[in-house]
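The chain contents come next:
Protein chains: 2
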Amino acid sequence: MPTYNPPLRDMQFVMHEVLKVTDEYKLMPRHAEVDADTINAVIEEAGKFAATVTFPLNISGDETGCAYDRETHAVATPQGFKEAYAQYVEGGWAALSCDPEYGGQGLPLVLNQCLYEMLNSANQAWAMYPGLSHGAYEALHAHGTEEQKKTYLPKLTSGEWTGTMCLTEAHCGTDLGLLRTKAEPQGDGTYRLTGNKIFISAGEHDMTANIVHLVLARLPDAPKGSKGISLFIVPKFHVKADGSLGERNSIYCGGLEHKMGIHGNATAQIVLDGAVGTLVGEPNKGLAAMFVMMNAARLGVGNQSLGLTEVAYQNALAYAKDRLQMRSLSGVKAKDKPADPIIVHPDVRRMLLTAKAYAEGGRALLLFCTLLIDKELNHPDEKVRKDSAELVALLTPIVKAFLTDNGWSATTQSQQVFGGHGFIKEWGMEQFVRDARINMIYEGTNGIQALDLLGRKILGNNGASLKKFGKLVAALVEEEGVNEKMAEFINPIAYLGDQMTKFTTEIGFKGLQNPDEVGAAAVDYLRVAGHLVFGYFWARMAQTALREIAAGNPDPFYQGKLQTARFYFAKLFPETATLMRTARAGSKALMDTDAALA
Amino acid sequence: MPTYNPPLRDMQFVMHEVLKVTDEYKLMPRHAEVDADTINAVIEEAGKFAATVTFPLNISGDETGCAYDRETHAVATPQGFKEAYAQYVEGGWAALSCDPEYGGQGLPLVLNQCLYEMLNSANQAWAMYPGLSHGAYEALHAHGTEEQKKTYLPKLTSGEWTGTMCLTEAHCGTDLGLLRTKAEPQGDGTYRLTGNKIFISAGEHDMTANIVHLVLARLPDAPKGSKGISLFIVPKFHVKADGSLGERNSIYCGGLEHKMGIHGNATAQIVLDGAVGTLVGEPNKGLAAMFVMMNAARLGVGNQSLGLTEVAYQNALAYAKDRLQMRSLSGVKAKDKPADPIIVHPDVRRMLLTAKAYAEGGRALLLFCTLLIDKELNHPDEKVRKDSAELVALLTPIVKAFLTDNGWSATTQSQQVFGGHGFIKEWGMEQFVRDARINMIYEGTNGIQALDLLGRKILGNNGASLKKFGKLVAALVEEEGVNEKMAEFINPIAYLGDQMTKFTTEIGFKGLQNPDEVGAAAVDYLRVAGHLVFGYFWARMAQTALREIAAGNPDPFYQGKLQTARFYFAKLFPETATLMRTARAGSKALMDTDAALA
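Those sequence lines, one after another, are chains X and D. Take the first sequence: its position 280, counting from 1, is numbered 280 in full-length UniProt numbering, and each next residue is one higher. Take the second sequence: its position 538, counting from 1, is numbered 538 in full-length UniProt numbering, and each next residue is one higher.
These aren't lab readings, by the way, just hints derived from the structure by calculation. Among the clues, some could well be false.
Note that the list lumps identical chains together, so a pair holds whenever it fits in one copy or between two copies.
[As the list claims (entries may be wrong)] Quick list of in silico lysine-lysine cross-link-like pairs, DSS-like style, CA-CA up to 30 Å: (1) Lys-82 to Lys-425; (2) Lys-227 to Lys-337; (3) Lys-467 to Lys-224; (4) Lys-485 to Lys-510; (5) Lys-335 to Lys-182; (6) Lys-333 to Lys-48; (7) Lys-468 to Lys-485; (8) Lys-321 to Lys-510; (9) Lys-588 to Lys-82; (10) Lys-227 to Lys-335; (11) Lys-82 to Lys-240; (12) Lys-285 to Lys-383; (13) Lys-321 to Lys-227; (14) Lys-333 to Lys-227; (15) Lys-471 to Lys-149; (16) Lys-224 to Lys-321; (17) Lys-425 to Lys-468; (18) Lys-227 to Lys-182.
With these hints in hand, go ahead and build the complete structure from the sequences.
Written as structure tokens, this is what we have:
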């Protein structure tokens, strides 16, 4: 059976020593009182919840899955899920970073992100129930009418009700412009919705008295395509004026999908059979409103793979120290034992360090992005808010795609450390791999993220956003350029930063003549950008570690951080050498292939 | 539901147009009569069997899995498996390449390899029952006494009985020197074996009247470690002098593993409770005898991933042509449809072509290796036999590790083409991924293959075997060096071939001072070698295609081959740029990490 220890020390390192979040929070009126002790106390309690409440349900939830009742359309979640959710609500976790106006605790989103990393490590399938709900909270908070907010936000904040995002239909996932669900105005300000949705995560369950569905649909007079989509609230149970539950609405679960992983989460087919809903935001502007949820959700998906990478790494590390097999090539290490622990073998270390470097680099990047959102929402200076918003928009597709591709690789390699035992369910490693797989697909496939990054976020504004991140790299290069001890970390990112500028211009020019050049380069480009960003954060983490070591801090944590940074630059960062070549190879080798793909 | 079309045309291309196998067979007395018509007829029938008999059982076999009865220790295979096996035996497929002396058809192993590729595409879990059995046949054929051969080989040849390999114990997989199962001589030429084995594929089932277990165990006076291991035959039912079945032997299944994939194959815990067996080969030389099986099995595992890559590719290609989503970046392609088929998108093509290039490169390499074994066994010239044996020994770890790592990547990317639908069981794609995962682990993890290649096969004989392969590359470079049309294929392999020579010497020198340098470079080295080998075969396939095109052959198959070759060199081969760097980065970044891995 796997184990899980919340990585509190590493979260604290990122928050307090690298990002210095409390210095930032002091500038924001809402968060000015948030000090290190508060942060540490919150994540410690959050870690306890994840490790002791939802982690023990991870394997059993995978084995049982959710059960659908055809008669009643009800869904039973795996044993213990409902009780764990009640404890979550009881503990106030749902409200952690919600608006105090609706009963929230108003703490920074960075803390919520730490909470979710641990929930994801412990049990991704379970964590998706409150996770999706928080997305619905954010969309309503940003776009709901006063009445909608008053009706729904307090319940979503407390966690008494959960929310969903109903976007996908059988014939459209990426291309929402094709969607067919209809919304007919009733003349009383409400609409009747008819259609079929699929792949609705946490779409039906037995955890709460009500479920608040956010549904994309078309008004009768809507323009074709993505400009004719509106967003609606369609509650499972109608809500009376006094806030109590009324009649059952005609939105129901038509069945559950059988999936590769996240078995404990109900992936529902949702039938709207003249269900009554109200409009959120303006008619035909539903996609924009939904994107509020989607951007937060994309960071959340990156966090899911971060969580899985961390827990897979922890278990692989423990196994590698325990499992005795063969002798070290450089001489017997454990003389009193029949064989050496497999951690003596260089390639076993390579697999472990890959997962570790991806987890810790990912954590730094994700918390940096989340801090940017805290600034975007709460910083008094408008320019800071604007810059933060722009930078987080740039980095979001990188977090989503780079962390989830890395998570696939990291969980697979952690599983490989176990040899044959890694393939056996009881060890839990294969579940981490299966669960990690969906993260590369949903909330926009990783290919779509790459197009979003290169096409929209970078070429779409002539590289202006990229320059914003480039400035951070340049500042670090400037700061540490003459520090010999930092050269091994600074030189590669300085070099890659220069290369990327040229490289981006090059693709931009080629793309003007043939837009397929952008599509052909995008996935490789995103991984290069991912390494530039990871390289930057690994350099900053190495900088912090070197300073502590120079100051005489004897904590081996800093040596470990330095060693992992060295591993990252020696063994993972050089992937960029290939990626630059394959991206530059252009679209011809992909597109002149009609005979090959006949 | 997925579909499968046996890739007969591509197999014929490799056998008849690239390798020209019948020219080779004419030189071998046993196979002199094997002509193209025979080959084509055999693979066509084999393809029919795979596509119509075992493929329809693939998803249902995965869903049901095998059932273990604690009372009787019996294992029920999924519905239809037993009947399909009876058809297989009836059709004479088990005997295809077996020795006519024991009832075999004596056809080349290349044909058997083609048969297995299709069985693996159709249903890997099912194919493992006859597959393991064929391994046992080969070990007994090479090392059994006359009596053992007479007793067991006819039944294994016909397929009336199956065989297993019982190696692994809970505390030892890679490190068989640690194994504990004991064999006590009974004074009558038999031994009583006591111990527990795990992970025994096809270890118990309901398909045949008897199962012939080949078991590794220790004699009482055996030296410690791997030099004290002997090989035994331990039949499930004793065999009487007249060949009929006698009493049940005390070897039985103690339980089945719950696994990530290959659910239809019974992965058995095998208990030996004083079971009676006979010695195969010499005492304490069991590992050597078992390696006969293991080497063939390693090619067989490569073939499993080749099969999965092919079937995953076929389904992804069909889906990409059918699924309408978004418009092409370079302008609408399907004006009459609401969106373009996703095959218009460059990155979708990249994923498809990755799977295609890996499948077709893998097929060429695997059939080349299998032809080498046919030569090793049947060529009249001793030098050819010896050279063939040496070359196939070199290439075996590459086939095992490179094809299975590629298979993981290819099945994952083929699944990605399906977006969210790829995660859903009904589409069948996620099963290909789960089944492909074991191939990187069993028969020696891919990390072990890398050590075998670099440590034993290459540095172990000072690069002599590598030079043998290098000569093939050099000959092709020589032959086509002035052909401008071949330059795009020849230049990269000529360059990489040179690089590898230096690179190998470099690691060899570093390894003399610190053996961990070999362990640190091995996995990257194997992938570089894999690309050199794939590059060579893609260049040869391009050469054949170019010649046909130049001769006016209008079959678009050749254009397709050329396009795939171009894709391979543009988008996959450049992985070597990174691998050379990371391998050269050495062991320090891996081994000086005690604080990081504390």
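For each hint, the structure was consulted:
With identical chains, the CA atoms of Lys-82 and Lys-425 are at most 30 Å apart both within one copy (24 Å) and between copies (26 Å). With identical chains, the CA atoms of Lys-227 and Lys-337 are at most 30 Å apart between copies only, with a shortest distance of 18 Å across copies and 68 Å within one. For the homomeric pair Lys-467 and Lys-224, neither the shortest alpha-carbon distance inside one copy (36 Å) nor that between copies (64 Å) is at most 30 Å. Taking the shortest Cα distances, Lys-485 and Lys-510 sit within 30 Å of each other only across copies (26 Å), while inside one copy they are farther apart (39 Å).
In the homo-oligomer, the alpha carbons of Lys-335 and Lys-182 lie at most 30 Å apart only across protomers (25 Å), although the nearest pairing inside one protomer, at 72 Å, exceeds that limit. With identical chains, the CA atoms of Lys-333 and Lys-48 are never at most 30 Å apart, being 36 Å at best within one copy and 55 Å at best between copies. Taking the closest pair of Cα atoms, Lys-468 and Lys-485 come within 30 Å of each other only inside a single copy of the chain (26 Å); across copies the shortest separation is 45 Å, beyond that limit. Taking CA atoms no more than 30 Å apart as the test, Lys-321 paired with Lys-510 passes between copies only; the shortest distance there is 27 Å, against 51 Å inside one copy.
Taking CA atoms no more than 30 Å apart as the test, Lys-588 paired with Lys-82 passes in neither setting, with 53 Å inside one copy and 49 Å between copies. When the C-alpha separation of Lys-227 and Lys-335 is checked against a cutoff of 30 Å, the pair qualifies only between copies, where the shortest distance is 20 Å, while the shortest distance within a copy is 71 Å. Taking the closest pair of Cα atoms, Lys-82 and Lys-240 come within 30 Å of each other only inside a single copy of the chain (25 Å); across copies the shortest separation is 61 Å, beyond that limit. In this assembly of identical chains, Lys-285 and Lys-383 lie within 30 Å of each other by CA distance solely inside one copy; the values are 27 Å within and 76 Å between copies.
Within a single copy, Lys-321 and Lys-227 get their C-alpha atoms only as close as 56 Å, which misses the 30 Å cut-off; across copies the closest is 26 Å, which meets it. In the homo-oligomer, the alpha carbons of Lys-333 and Lys-227 lie at most 30 Å apart only across protomers (21 Å), although the nearest pairing inside one protomer, at 66 Å, exceeds that limit. Taking the closest pair of Cα atoms, Lys-471 and Lys-149 never come within 30 Å of each other, the shortest separation being 39 Å inside a single copy and 75 Å across copies. Taking the closest pair of Cα atoms, Lys-224 and Lys-321 come within 30 Å of each other only across two copies (24 Å); inside a single copy the shortest separation is 60 Å, beyond that limit.
Taking the shortest alpha-carbon separations for Lys-425 and Lys-468, neither the intra-copy value of 46 Å nor the inter-copy value of 43 Å comes in at or below 30 Å. Taking the shortest alpha-carbon separations for Lys-227 and Lys-182, only the intra-copy value of 14 Å comes in at or below 30 Å, while the best inter-copy value is 74 Å.
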